[in-house]
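Position chain B relative to chain A; hints supplied.
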Amino acid sequence: MTAFLDQIFVRGKQTLLAPMAHAPGWLVQIVSSLINIFALLAVFLTLFALISVLERKILARMQNRYGPNRVGPFGLFQPIADGIKMLIKEDIVPARADKLVHFLAPVLIAAVAILTLGVIPYGRNMTPFAIDGGILFFFAVGSATELAVFMAGWGSNNKFSMLGAMRAIAQMFSYELPLIIAVLPVVMVVGSLMPDRIVAAQAQYTFGLVPRWFVFTPWGAAAFILFFVSGLVESNRTPFDVPEGESEIVAGHMTEYSGFKYATFFMAEYLGMFAISGLGVTLFLGGWHAPAGALEFLPSYVWFFAKLSALLFVYIWVRGTLPRTRIDQIMNLAWKFMLPMAFACVIAAAVWHYAGRGLRGWLWSLVVIAIVYTLLSILLDTRRKFAPRVYRFAE
Amino acid sequence: MNSAAFVVIAIFTLAAALAAATLRKLMHAALSFAVAFVGLASFFFLLGAEFVGLALVFIYIGAVAVLIVFTILLTRRDVGKDRGFNWSGIVIALAMFGALTWSILKTQSLAIVAPHIRALTVKQIGAALMTTYVWPLQCVGLLLTAALIGALVLVMEEKR
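Line by line, the protein sequences give chains A and B. For the first sequence, counting from 1, position 286 maps to 286 in this note's numbering; every step adds exactly one. For the second sequence, counting from 1, position 92 maps to 487 in this note's numbering; every step adds exactly one.
For reference, chain A alone in the conformation it holds in the complex (with noise of 0.2 Å):
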């Protein structure tokens, strides 16, 4: 039974796939690549839906109000009135625009986002296309988000698109070193850039209890962090949202966007964010394995999306935490803090490999960790010295 509700889906697809047992090869591999495209974008873009009422809900909750709650029971049907309200307004094209390029960039960046969904493996034999170097067609492909963020700020030919995709393009650049960095550990230990290695080879529990997942590391926390940093800034989201910061550029790249292209974008950011937090689950914590033994019984997709909503409930969480950062502090965090630590836990997994994988090489990271840790906090706090405050009432 287990076994039977684990596979359902990949059972559905081969009963869908049994009457084209005479089909050429070629017909059936692009049927089944269909099908596979059409169950992803089934899923996430339901999951979109959800998510764009949930967070408003807990954001809401967070902040004392109640949030949607006029459409539907407890306001569920919100999305549906949101599309449909996206679809049936104009679209509006400035005069002076790129005509091409402006339609186009909607088009690339939710293409762009769709694509890194892919090869993110959802449950055991789940993976929609895997490939041998999936990890690098996700940064790979991930990098055409710039050009088409770019390609909205200056089609739309106006001044605060262009100041908001040079935002984007900048912090995006800067962090997308942190963030492929904070990666290699992960494949340097696993020796292996495909997914669905990378989650076999945390499929074991210590003392069938405790899983071997690689957040569980010091290394593998560290880098964890570092990547959820990072994928907040390549999402775009709440501390680093100052491409869009609706208090200065009015939308960012965004501006000059109005109906459903608007929405794409919208779809696309929250698509990315998708792909990112899957990424982050497949890479530190076990993929779709269960964090216990006992716990098996229960499919493994249940499991890969319990923690997929886990981290984007903390990313939700943290934007109905934190203000917006400045754009200086966002790229001093980078360059001096976030760099020096990402290759602080390349050379902590090294060490950690190298002293036998237990606890010694557990107790050994951790020290490599501290040290680089101490010190980069000593060294950033010493440049930075504020002035006594002083305050001023009126009298």
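One or more hints might be untrue.
[As the list claims (entries may be wrong)] Ranges between beta-carbon positions, derived for each pair: (1) B/T466 x A/E248: 20 to 30 Å; (2) A/P24 x B/K501: 32 to 42 Å; (3) A/L177 x B/L489: 17 to 27 Å; (4) A/S32 x B/V550: 44 to 54 Å; (5) B/T466 x A/P73: 47 to 57 Å; (6) B/G545 x A/A95: 35 to 45 Å.
Since the hints were derived computationally from the structure, they do not count as laboratory data. Beta carbons are placed, not taken as given, at the ideal position from N, Cα and C, and that holds for glycine.
Only chain B this time, still in chain A's reference frame:
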């Protein structure tokens, strides 16, 4: 299947390259240049050289295309205007084409029949880079670090 895919990708790549060479607006040309690189990367995928294709996408679309686009944006005032026709471009293109054709005709590796080439995995490339080619790799790394530091020195504020 493969030859059909080859024809489709070849038409796509050539069209994008032609657009990059002939479009009136410089920014459009730069963007079609990025599209041409997508086509080139697909050729590598078709040949089973996954790593090279991904590296091409990563470097040329993620970095070089953005660099070109920004260079155009920051150095020209008339970004939106038509660009003039440049004869020197034709000379350089012909010279490049001649050199490439000459070297392709001269090379020996084309004599290998296709089925004998095994698909390279990322692991093999990594092993080769870390053993046989470790010195060239280190030299390139040193050169790039020097370039990075040089760029930083160039933009550093002068202290008075």
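Consistency of the hints with the structure:
1. With their beta carbons about 27 Å apart, B/T466 and A/E248 fall inside the hinted range of 20 to 30 Å.
2. The beta-carbon spacing between A/P24 and B/K501, approximately 40 Å, falls within the hinted interval of 32 to 42 Å.
3. Checked against the hint of 17 to 27 Å, the C-beta distance between A/L177 and B/L489 comes to roughly 40 Å, which is inconsistent with it.
4. One distance hint, 44 to 54 Å for the beta-carbon pair A/S32 and B/V550, holds here, with the actual separation near 51 Å.
5. At about 55 Å, the beta-carbon gap between B/T466 and A/P73 stays in the expected band of 47 to 57 Å.
6. A C-beta distance of roughly 44 Å is found between B/G545 and A/A95, which places it inside the suggested range of 35 to 45 Å.
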